[in-house]
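Going line by line, the protein sequences match chains A and B.
Mapping the first sequence onto my numbering, position 89 (from 1) lands on 89, and the numbers just tick up by one.
Mapping the second sequence onto my numbering, position 330 (from 1) lands on 330, and the numbers just tick up by one.
Please keep in mind that the hints were generated in silico from the structure rather than gathered at the bench.
Yeah, the Cβ is synthetic: ideal placement off N, Cα and C, and Gly gets one too.
Heads up, some of the hints might be wrong.
[What the hints assert, rightly or not] Below, in silico cross-link-like pairs of lysine-lysine (DSBU-like), each with a Cα-Cα straight-line distance of 35 Å or less:
#, chain 1, residue 1, chain 2, residue 2
1, B, K294, A, K197
2, B, K112, A, K197
3, B, K74, A, K197
4, A, K101, B, K74
5, A, K101, B, K112
6, B, K241, A, K197
7, B, K287, A, K197
[As the list claims (entries may be wrong)] What follows is a set of in silico ranges between Cβ atoms, one per label pair, in the way DEER data are often shown:
#, chain 1, residue 1, chain 2, residue 2, range
8, B, S73, A, K70, 37 to 47 Å
9, A, F95, B, K11, 42 to 52 Å
10, A, W69, B, P93, 34 to 44 Å
11, B, E114, A, V85, 51 to 61 Å
12, A, W69, B, D170, 33 to 43 Å
13, B, R116, A, A295, 56 to 66 Å
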Amino acid sequence: MESWRKNPVVFWLLNLGPAFWLFVFFIVPLTIVWVVSFGEKRGIVDIEITWTLANYVRAVEPLYLEIFWKSIVMAGIATLACLIVGYPVAFAIAFAPERLKAILLIAVVLPFWINALIRTYALIAVFRSRGSINFGLEWLWEQANGLLGLIGLGELALLGEKFAPLPLLYNNTAVTLGIVYAFFPFMVLPLYANIEKIDRSYIEASLDLGAGQWRTFFSVIFPLTWHGVMSGVIIVFVPALGAFFIPDLLGGTDSQLIGNVIERQFKSANDWPFGGALSFLLMYLTFGALALRAAVSGRKQGLEA
Amino acid sequence: MAEGLPIIRIKEVTKRFGQTVTAVDDVSLDIREGEFFALLGPSGCGKTTLLRMIAGFETPSEGQILIDGQDMSKVPPNRRPINMVFQSYAVFPHMTVADNVGYGLKVTNVPKAEIRERAEEALELVKLGGLGGRKPDQLSGGQRQRVALARALVKRPKVLLLDEPLSALDAKLREAMQLELVRLQHAVGITFVIVTHDQNEALSMANRIAVMEHGKVRQLAPPSELYEFPNCRFVADFIGKMNLFEGRVAGVSGEEVLVEVQGLGRFSLPGEGEASGEVGIAVRPEKVRLRREKPDEDMVAVHGKVSEVAYYGGSSFVYVTDDTGRTISVNQQNEARTAEPGVTIGDELWCAWKPRDSLLLRA
Numbered sequence: 001m002e003s004w005r006k007n008p009v010v011f012w013l014l015n016l017g018p019a020f021w022l023f024v025f026f027i028v029p030l031t032i033v034w035v036v037s038f039g040e041k042r043g044i045v046d047i048e049i050t051w052t053l054a055n056y057v058r059a060v061e062p063l064y065l066e067i068f069w070k071s072i073v074m075a076g077i078a079t080l081a082c083l084i085v086g087y088p089v090a091f092a093i094a095f096a097p098e099r100l101k102a103i104l105l106i107a108v109v110l111p112f113w114i115n116a117l118i119r120t121y122a123l124i125a126v127f128r129s130r131g132s133i134n135f136g137l138e139w140l141w142e143q144a145n146g147l148l149g150l151i152g153l154g155e156l157a158l159l160g161e162k163f164a165p166l167p168l169l170y171n172n173t174a175v176t177l178g179i180v181y182a183f184f185p186f187m188v189l190p191l192y193a194n195i196e197k198i199d200r201s202y203i204e205a206s207l208d209l210g211a212g213q214w215r216t217f218f219s220v221i222f223p224l225t226w227h228g229v230m231s232g233v234i235i236v237f238v239p240a241l242g243a244f245f246i247p248d249l250l251g252g253t254d255s256q257l258i259g260n261v262i263e264r265q266f267k268s269a270n271d272w273p274f275g276g277a278l279s280f281l282l283m284y285l286t287f288g289a290l291a292l293r294a295a296v297s298g299r300k301q302g303l304e305a
Numbered sequence: 001m002a003e004g005l006p007i008i009r010i011k012e013v014t015k016r017f018g019q020t021v022t023a024v025d026d027v028s029l030d031i032r033e034g035e036f037f038a039l040l041g042p043s044g045c046g047k048t049t050l051l052r053m054i055a056g057f058e059t060p061s062e063g064q065i066l067i068d069g070q071d072m073s074k075v076p077p078n079r080r081p082i083n084m085v086f087q088s089y090a091v092f093p094h095m096t097v098a099d100n101v102g103y104g105l106k107v108t109n110v111p112k113a114e115i116r117e118r119a120e121e122a123l124e125l126v127k128l129g130g131l132g133g134r135k136p137d138q139l140s141g142g143q144r145q146r147v148a149l150a151r152a153l154v155k156r157p158k159v160l161l162l163d164e165p166l167s168a169l170d171a172k173l174r175e176a177m178q179l180e181l182v183r184l185q186h187a188v189g190i191t192f193v194i195v196t197h198d199q200n201e202a203l204s205m206a207n208r209i210a211v212m213e214h215g216k217v218r219q220l221a222p223p224s225e226l227y228e229f230p231n232c233r234f235v236a237d238f239i240g241k242m243n244l245f246e247g248r249v250a251g252v253s254g255e256e257v258l259v260e261v262q263g264l265g266r267f268s269l270p271g272e273g274e275a276s277g278e279v280g281i282a283v284r285p286e287k288v289r290l291r292r293e294k295p296d297e298d299m300v301a302v303h304g305k306v307s308e309v310a311y312y313g314g315s316s317f318v319y320v321t322d323d324t325g326r327t328i329s330v331n332q333q334n335e336a337r338t339a340e341p342g343v344t345i346g347d348e349l350w351c352a353w354k355p356r357d358s359l360l361l362r363a
């Protein structure tokens, strides 16, 4: 594997394509946005680069800091929910019989075959007042009421005069659930890869030494999958932080996340300099999260070394 | 040492995987308290499955396993009075050596002070005193194995199970560790059950050995008996080197059997049973002598030509191809100090041994 690195011609031939791609579609646009973030709006399309910091000053106004904070909290809650739901799923797949494993993995990845936007619209059909969940609840309500009627308590209307659909849509819970649903496979796959890799004899050794199943899980299995947990958390948290169409579709008036604000600057508000500044603040935040992860795993490695 | 009482009783145990694979086939054996017991066999013979059933990681399809008189069929691994040293050692990489050794005590709520004391004691026992603060990846393979040993022994189990414990070590270390394990077993007085595919390991360490093939125990005997009196062709061939000839019984008189082997003629050797049938005649390479002249009539002799000589320092293996094309291996001690080769390729000579040094194998 070393030789191709030592041969400069081969090295450049192999890397020219990806390098070109990264440069044109990643570095260049990013630089444009970065430069624009120091500009001032002049008219509808004209932006003058004045190297002003006004956009950044505006971006750290309490109004936006609050949205940043809210985005972090919501992305954090969604990530945690993904971890709590995803870990048992990954665990079950890793320990499933070989033939079932492939099917379960496909089931986890299957939603990816459908456009994310369509999947989010589908959630609307599930959550709305006249959606599947409320229909189901209404049916239960009717059955329960009928039952009460049968035993002669129907007159009392214990369950209310009329079924009141739960307000499941257009609030922060809907947004969080939407994010969890959208990024769920990103949590399960790295966890699965990690759990799958654990040498089964660690688990057997723990049992052999007298530990019960729960003890074995928390003292041996979970610590050994720490890297998978960290990978899953980062892979879910970072895009969740920048989510914009999920809060757009599922959120209410108070569900604006930083992704929505940024999107608006580039589109309806047509304020690229401010949008650029917000984008870069978000990116610095993400770098911070990654640095934190590196620091945490670095410290862990320091302990192990 | 209170030898004799069975600490583990395996009663008619069968283990099937799926519908086609029978890993362990109707095995019954007793392992006595305080002994060093070896399960020996080629890979796939069921020895590891049997060990894992004793540990509780597999459940027998049929039969029963008793440990210290108690039926284990409903007892999970974490409640059995036994501990295991895994082939991969399975030393937890995220814990220090001391935490590894203390783990089995911690999960059973032993007080902290006692854990520290007993863990340090156990580490001293395996000669790792003072390394408690290290992480497993700072240890060599041999040291990691000692951690695994200490971790199991600190629980003071009734039986210690060892799954191919030496297979990952290099040859020198393996030999040292064989002696070390025997020393440890004497020191702690616990019954050791070791699984190995290495006959030298089993012969040098164990008090008794069960040789397994295709899920069945072929022979259960002390090492010397296994070597000198194998009861079937498989054991004869598996333990040490063996020259095997196919022959037939020509007659039985008292405790002697008259056999006839092509090229070796007729001769009598100790044995009993039917006065007819095809049998195997076996002789160990070190029981065979090389002669330049035709030996006396009271020796079994076969004429041949040296086809290869393998020099091992202390001894040499001489391979002689006889007139019918069979190869006979002869182990010669290099007793005198000389650089002259005793025999060379192409030498014509006689292989000879006493009839009673050969073995009658009916199975």
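Verification of the hints:
1. B:K294 with A:K197: 65 Å, violated
2. B:K112 with A:K197: 32 Å, holds
3. B:K74 with A:K197: 30 Å, holds
4. A:K101 with B:K74: Given pair K101 of chain A, K74 of chain B holds - Cα atoms ~29 Å apart, limit 35 Å.
5. A:K101 with B:K112: 42 Å, violated
6. B:K241 with A:K197: Given pair K241 of chain B, K197 of chain A is violated - Cα atoms ~41 Å apart, limit 35 Å.
7. B:K287 with A:K197: Judged against 35 Å, a Cα distance of about 51 Å means the pair is violated.
8. B:S73 with A:K70: 37 to 47 Å: Violated, at about 57 Å.
9. A:F95 with B:K11: 42 to 52 Å: 31 Å, violated
10. A:W69 with B:P93: 34 to 44 Å: 38 Å, holds
11. B:E114 with A:V85: 51 to 61 Å: 40 Å, violated
12. A:W69 with B:D170: 33 to 43 Å: 59 Å, violated
13. B:R116 with A:A295: 56 to 66 Å: Because 31 Å falls outside the window, the suggested range is violated.
This entry does not satisfy hints 1, 5, 6, 7, 8, 9, 11, 12, 13, going by the numbered hints stated previously.
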